[in-house]
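Student: Given the sequences, and given the hints that come with them, work out the whole structure.
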Amino acid sequence: MSATGTPLYSAELIQEGGAYKLVVTDRLRHTVQTTYVSGRAVEQLPAFLSRLDSLHLRGLRRR
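If you want my numbering, it's the 1-based position in the sequence shown plus 104.
Note that these hints are calculated values from the structure, not bench results.
Please note: incorrect hints may appear among the correct ones.
[Stated by the list, open to error] Pair ranges (Cβ atoms, derived):
1. G109 with L149: 20 to 28 Å
2. T110 with S142: 29 to 37 Å
3. G121 with P150: 31 to 39 Å
4. R131 with L153: 17 to 25 Å
5. E120 with L161: 29 to 37 Å
6. L126 with D157: 16 to 24 Å
7. T108 with Y140: 26 to 34 Å
8. S154 with H134: 25 to 33 Å
9. S158 with G121: 28 to 36 Å
10. G143 with T110: 27 to 35 Å
11. V141 with P111: 17 to 25 Å
The beta-carbon is built from N, C-alpha and C at its ideal position, and this holds for glycine as well.
Tutor: Structure (structure tokens):
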């Protein structure tokens with residue numbers, strides 16, 4: 105996958121032992137937010153991303 109334009113945010117999902125940590129960087133404000141997420145949320149992430157992609161492809165973006 106190739107990205108063009110200006111990156112606004114970047115995210116990393118890090119596994120620490122049995123826990124998952126989400127790290128989101130705001131590239132415009134140069135800030136970082138970190139939160140722990142459940143294993144269930146991690147399991148659902150591919151379905152969530154697929155749903156977002158499907159909405160975008162069908163032109164159902166909301167403003």
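Student: Each hint: holds or not?
Tutor: Now for the hints, and whether the structure bears them out:
no. : hint                       : result
1   : G109 with L149: 20 to 28 Å : 23 Å, holds
2   : T110 with S142: 29 to 37 Å : 32 Å, holds
3   : G121 with P150: 31 to 39 Å : 22 Å, violated
4   : R131 with L153: 17 to 25 Å : 20 Å, holds
5   : E120 with L161: 29 to 37 Å : 35 Å, holds
6   : L126 with D157: 16 to 24 Å : 19 Å, holds
7   : T108 with Y140: 26 to 34 Å : 32 Å, holds
8   : S154 with H134: 25 to 33 Å : 31 Å, holds
9   : S158 with G121: 28 to 36 Å : 34 Å, holds
10  : G143 with T110: 27 to 35 Å : 33 Å, holds
11  : V141 with P111: 17 to 25 Å : 22 Å, holds
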